[in-house]
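Whenever a hint applies, use it, and build me the whole structure from the sequences.
As they're listed, the protein sequences go chains A and B. Each residue of the first sequence is one higher than the one before, starting from 1 at the first, in this note's numbering. Each residue of the second sequence is one higher than the one before, starting from 1 at the first, in this note's numbering.
Honestly, the hints are just simulated from the structure, not real lab data. Glycine included, every Cβ here is placed at the ideal spot set by N, Cα and C. Hints are not guaranteed to be accurate.
Per the computed footprint, the stretches of chain A lying under chain B, defined by three or more beta-carbons under 8 Å from a beta-carbon of chain B, are [claimed, not checked]:
(1) 11-17
(2) 28-42
Cβ-Cβ distance ranges computed for the label pairs, FRET-style [claimed, not checked]:
(3) A:L73 x B:I126: 39 to 45 Å
(4) B:M1 x A:K83: 46 to 52 Å
(5) B:L69 x A:I86: 25 to 31 Å
(6) A:R62 x B:L4: 38 to 44 Å
(7) A:K65 x B:H141: 48 to 54 Å
(8) A:I134 x B:N5: 40 to 46 Å
(9) B:L4 x A:N84: 37 to 43 Å
(10) A:T133 x B:N72: 28 to 34 Å
(11) A:I134 x B:G139: 19 to 25 Å
Listed here are the chains, written in short residue letters.
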Amino acid sequence: MTQNFFSLLSGIIFGIGLIISGMTNPEKVIGFLSITDNWDPSLMFVMGGAIIFSAPFMFLFRNKKTSLLGHELQIPSRKDLDKNLIIGSSLFGIGWGLVGLCPGPAISSLVFLSPVSLIFIFSMSVGVVLQKTIIK
Amino acid sequence: MIDLNNFTPFSSLIGGLIIGFSIILYLYTTGKLAGISGIFDNAITNSNNRFANILFLLGLIIGPSIYLLINNANFEITKSIPLIIVGGFLVGFGTKLGSGCTSGHGVCGISRLSVRSIVATLLFVIIAMITVFVLQKIGIH
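Dropping the structure here:
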């Protein structure tokens, strides 16, 4: 129950942060990625702000086994740089640069009721499912 | 040249701090890292905890709806439908293969000083910048 409540609440707050930051506007994201022509550095402040806030709390929680509500912590511990990480992140970079949407902003952008968001999210689901099928 | 007309350091920083707060709230209560590509993947392919993951994604839509009641925001997209389809596919496939996106690697991972996330973030940001450069040079929309 609390798991559901805090998932919803965190999602709502995350979404408010995304829209205030400008991440839900694909052309603004493209402006950030366009370093050689009319560069808009705003998104560095988004990532910077999020990291500045969360880093100290991540540090405080680094040796914990459970959350404050007693749920087991699910934090990845891998340190190796494998082929999947490199290829996957590169393909993600191409997709992000093509459209200016990454997963969070893509979902939040549904609020603008544009069919483009739906087409993007549908294609994204196909990508996820296909990748999972290939791995198996 | 820097595009000063569209530069929004203040609202972007505030938005970023709010995103950071949400990530910590989610971790401290549910014990999970708020990587949206992972939450999205689990919501569609994993029946464990599916309802909680769907609620998070719903929140991502409810939050901006509340914001739009009191303020305006732009949604501008200039790309053609084929590019949207290819882009969406690569974002889904790539984040699944690379175990994370802008939130999971870019914020959660970097905040934890994870080497994998730092490398992944540098890679996807640089490659996205190259992609935008190439699209501008060859004039594809």
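Stated coverage of the segment 28-42 of chain A by chain B [criterion: 3+ residues, CB within 8 Å]
Satisfied; 13 residues make the cut.
Could you say whether the range 25 to 31 Å given as a hint is met by the Cβ separation of L69 of chain B and I86 of chain A?
violated, 43 Å
Given the hint of 40 to 46 Å, check if I134 of chain A and N5 of chain B actually sit that far apart at their C-beta atoms.
Cβ of I134 of chain A to Cβ of N5 of chain B: about 44 Å, so the range 40 to 46 Å holds.
Can you let me know if the beta-carbon spacing of L4 of chain B and N84 of chain A is within 37 to 43 Å?
holds, 40 Å
Range hint 46 to 52 Å (beta carbons of M1 of chain B and K83 of chain A) holds or violated
Taking Cβ atoms as reference, M1 of chain B and K83 of chain A lie about 38 Å apart, which means the hint is violated.
Holds or violated: 38 to 44 Å for the Cβ distance of R62 of chain A and L4 of chain B?
holds, 40 Å
Note whether the CB distance of I134 of chain A and G139 of chain B lies within 19 to 25 Å or breaks it.
For G139 of chain B against I134 of chain A, whose Cβ atoms are near 33 Å apart, the range 19 to 25 Å is violated.
For the pair T133 of chain A and N72 of chain B, does the Cβ-Cβ distance stay inside 28 to 34 Å?
This hint is violated: roughly 41 Å between Cβ atoms.
Lying within 39 to 45 Å: is that true of the beta-carbon distance L73 of chain A to I126 of chain B?
With Cβ atoms ~31 Å apart, the hint is violated.
Taking beta carbons only, do three or more residues of the segment 11-17 of chain A come closer than 8 Å to chain B?
Holds: 7 residues of the segment 11-17 of chain A have a Cβ under 8 Å from chain B.
Note whether the CB distance of K65 of chain A and H141 of chain B lies within 48 to 54 Å or breaks it.
holds, 50 Å
Of the numbered hints listed earlier, those contradicted by the structure are 3, 4, 5, 10 and 11.
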